[in-house]
Structures are given as structure tokens and as C-alpha cells.
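Protein chains in written order, with this note's numbering: chain A, 6 to 290; chain B, 6 to 290.
A hint or two may mislead.
For chains that are exact copies, the list does not tell them apart, and a pair is met inside one copy or across any two.
Restricting the straight-line Cα-Cα distance to at most 20 Å, the calculated cross-link-like pairs of lysine to aspartate or glutamate (EDC-like) are [said to hold, decoys possible]:
1) Lys31 / Glu173
2) Lys145 / Asp216
3) Lys32 / Glu233
4) Lys145 / Asp224
5) Lys31 / Asp252
6) Lys13 / Asp57
Hints in this document: simulated from the structure, not taken from any laboratory.
Listed below are the residues making up each chain.
Number of protein chains: 2
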Amino acid sequence: MELSQNTKILIVGLGLMGGSYAIALKKKGYSVGCITRSQSSIDYALANGIIDYGTTEVDPTLLGDADLVVFSLYPRVFLSWIEENQQYLKPGAILTDVTGVKTSIVYRVQAMLRPDVEFVAAHPMAGREVYGVENSAGVKVDEANFIVTPTKANTPEAVALIKRLGEELGYARVSELTPEAHDEIVAFVSQLAHCLAVVLMTCNDLEHLEDYTGNSFRDLTRIAHINEDMWSELFVMNREALLHQMDLFTDQFARLRDALAQNDMETMKTMMRLSTVRRDAFDKK
Amino acid sequence: MELSQNTKILIVGLGLMGGSYAIALKKKGYSVGCITRSQSSIDYALANGIIDYGTTEVDPTLLGDADLVVFSLYPRVFLSWIEENQQYLKPGAILTDVTGVKTSIVYRVQAMLRPDVEFVAAHPMAGREVYGVENSAGVKVDEANFIVTPTKANTPEAVALIKRLGEELGYARVSELTPEAHDEIVAFVSQLAHCLAVVLMTCNDLEHLEDYTGNSFRDLTRIAHINEDMWSELFVMNREALLHQMDLFTDQFARLRDALAQNDMETMKTMMRLSTVRRDAFDKK
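Chain A on its own, in the form it takes in the complex:
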């Protein structure tokens, strides 16, 4: 299958990310349908021209007609959905997702999936601290990464299709990682970062803090506004990788703490110099 104007795309789960796919794909002229739990999301999307049609039911006709199905669901809901409804999928359909963890999802979906449909997992690394299709237009993709995590079960054609999808959606960089490499990186750059923000906001109850914070603190804690249902599920589904990153962090944090306790300026400066060099590498991209 090639991505073309004839490709019938179905979004399952029209929240923030599902909505952002719908908006981008409709703009490019694709036909976009959706299945989602809430009628009000469908009403909003129809009124704003974000989808062509939508239903709150798992409609066999709609599913039997879709060439490309994008799942934008919580991890566990996604797994149950496949288990319960995969019989309605069109033979030859390509499935993809937006889930933020991969190892615990990809192999399980591929293991249970019918042999005549194919699932290529992807993680669009965009997002916001707000939710719902009403906020989808604000998802910024032009500096974001779109990571495809193929396995041996995937065909080169289907992987190429999903990479093409990432490009059509406007992501700055489309790349491939193994599910395991993805989960290690995400545990560090995204999940650990969210842990730090949450812990920072909860470790101290100084009063009137908001009167004295600078922009650094606000930047650091922006992601402390967090969807607890989604993130606790993502953490647990990537537990070993995240625990490993948390332990690396704890060790290095203790190193800085001990250096300070001992007035060891040299160790502190060495860490700060390394930090500065590494951070600079980010801005040179």
C-alpha cells in the first residue's frame, strides 16, 4: 500500500494526539474517519472540519473499509481493543499507534494480530500538558521527532508507509529505533524528566512559592502538570527501563550532594562543565 488520496484513514481515539493526526491529514486532503468514546469530541471535530465522519461505536463497516488505522488510546485500552475488535479489520490493513512505550506493547499486539493485517508501531514525540481534541491544533510537530519502532514481524513496505505518514504529518525528523532502544531513550528524556518535575513540585510545600519563581523553575516544572492516569500507566509499562534511569540519576545526584557537603568545588565544577558541553550539543542541531 502507498499513502495516497485514496487511502482511507481511521483514527481510533480522538484525543489530543489522534486529533492532531486528523487535522494534519485532513489538511493534506486525506479522508479521515474516527471511532472514539465521546460524542462531544466527534461533534467538535465535525464542526471544525477535522474529520469526515465519526462514531462512538466499534462500527464493523467503518473498520472493514479502513486502509490505515491509527490507535491513539491508553496502552491497556489499546491492547484490549485489538483483542476484542481485530476481526473487523480490513484484510491488508496497516495499523499504527502513538503510544509512548513500545516494548510492552509492540510484541504483544503483533503476537495476537491476524496474519493478514500489520502493525507498525510509532511514537510521535509531540504533546502538550492539556488534553482532548479541542487542544489538538496546538500540538507542535515542526521541531518534534517521529520515531518508528519496527520489529522482525514488519515488512519494509509497511514501515516505509508509516515513515511516510510521519513526514505527511509534518514532523521535523522521522527515524527508526528498536522498541528496546526507544524505551531506553524515552525512559530517560521523557519519563525521567516527568518524574523530576513531579518530585520537584511535591517535595516541598514552601508557601507563596509562585511569587518568587523565575523562568527556569517554570520551564522545569511545566510538565509537572501531568495526566496521572496516562503517565502512571506509561511508567508501569516501561518499569525496568525507567527504574534503571532513576537509579542512574539518584547516584549522580548523590555525587553532587556529597561534593557540596564536602566543599569539593572541583567535583562540582567538573560536573557543571560536562553538563554545559552536553547541553550545547543540543543547541547545535
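We have chain A already, so just place chain B on it with the hints.
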């Protein structure tokens, strides 16, 4: 003394923050001189109309003429400067500073200072991850706090003058804290935040990280580009307060880690809910 167009202002140390004071005060029509180590900073400042005059020498005439002296020096350099050069200050002169720690500075300066001059400490909570007067124009004050930390040694008149200075400089909010309350808050919102960014950038050497980071991680680590000489000095000069905050953080981080290790979703969600509520309070200001 009232702040007026006749007030002769002298900046000692024309770096990022000293330069930002000079720019704002010149714009308001004040006469601004400077003493700083580097001739190139003076040349730049003169060429760009940021100061009226400047010298690399501790010029007794210049000092004997200044009504308001702003010290924008590293903490230890500031202490030595006062010790060595205070004899040249004009009787009745008011001194202030921009130092990011207060308890370890304010009392020592006030204890050694001549009785006919007065030091009112202040912390302009603006800054950038770049340095030097060449970058001063980029210091954003319109959302920043200007905190004055008076002690019993201060007169209401001098405190009012320095608060007026903060307003003239354009800071969004001018407030008063004791040196101790200031240092506790700064240990948390600024120093701990910098610790986290430095540790995050140094705890893991995953390759090609910059290819996979999202905006959250970039926001979180922006301050990981850090001046190691200045910050290690600020950390040591606020050691006890910072160690306390680091320990609070470590305890809470361990709590989240253990919850994850035990699949304790409820504890994770409770922390995330609290984090969200607290972070929201910031945006409502």
C-alpha cells in the same frame, strides 16, 4: 536620599547583570558610570551608550562621587572588594548588589562596613545562560522578581530607595524577604533546579540523545548550560539551605521510585495529582 536624575550611579562589575542595570538606568536618564576588570567591556558599553564613563581601576574620585553603588560581582570578589576599597566610598552612599545568595553575604558586608554608608542587599531574579555585557540587553525583567533582603541594620529610607530602584529597572514584582527566607526559597526554586538540570545532563551518556529529545527535555535542561565558577560558589555559600532542599528532593524521589518498583499506581497518581494542582497555582498568577 531619593532616586532622582541627579543621583550618580556607579556599577562595579559590568557583566550580564551589571550591564542590564546600566542599560535600564541610562534609558531612564540617569548618569551611570562603571568600574570593571575588562577594558573591552567598557569599550563595548561606551560604544553602545550603556554607560557614561568607565574605568578598569578602583578610582577614588569616581567612588567618592557616587551616591548609589551597585555591586555585580561574584560573592567572594564582592566581599574582598568591600574590605579593600570601602574607604573611598562617599559618605552617605547607598550600596546594593545582585548576588544570588544573601545570608552569607549581607551580614558580613554590613558588619565590616563604615557606619556612614549603608548596604541594602537585593536579588534581581533575572538572568540568562550567557554572560557578559554584550548579552545584557537580552535580560528579561518584565516577568521577573526583584527581592530586597533588608536587615535590622538598614534604614527604611535606604530600603525604600532600593525598592524604587527595582521598579525603575522594570521588574514585574518588587518584594522584601529576610536573608534567611530568601536563601531557603532560592535554594529550592533556583539552586535545586540547576542541580537537577546538571545531574540530568551528566547521569547518562546515551548516544545521539539530541536526535530524540522533545521540548520538555530541552526546557528542563536549558539551565544545564551553567557557569561553573559562579554556581559552585553560590552553592557553597548557601550550602546548608541547599543540602536541605536536596535531601527533601531525594526522599520524595525515592518515594516515587519505590511506588514504581512496587506497581503502586495509587501513590504515583497521588503525587501526580498534587504536582498538577501545585503547578496550576503558578499559571494562575
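Structure-based check of each hint:
Taking the shortest alpha-carbon separations for Lys31 and Glu173, only the intra-copy value of 11 Å comes in at or below 20 Å, while the best inter-copy value is 51 Å. Proximity of Lys145 and Asp216 under a CA criterion of 20 Å is satisfied inter-copy only: 17 Å between copies versus 30 Å inside one chain copy. Taking the closest pair of Cα atoms, Lys32 and Glu233 never come within 20 Å of each other, the shortest separation being 32 Å inside a single copy and 48 Å across copies. In the homo-oligomer, the alpha carbons of Lys145 and Asp224 lie at most 20 Å apart both inside one protomer (17 Å) and across protomers (15 Å), since each shortest distance falls under that limit.
In the homo-oligomer, the alpha carbons of Lys31 and Asp252 never lie at most 20 Å apart, since the shortest distance is 44 Å inside one protomer and 51 Å across protomers. Taking the shortest Cα distances, Lys13 and Asp57 sit within 20 Å of each other inside one copy (11 Å), while across copies they are farther apart (69 Å).
Hint compliance for this structure: hints 3, 5 are broken, all remaining hints hold.
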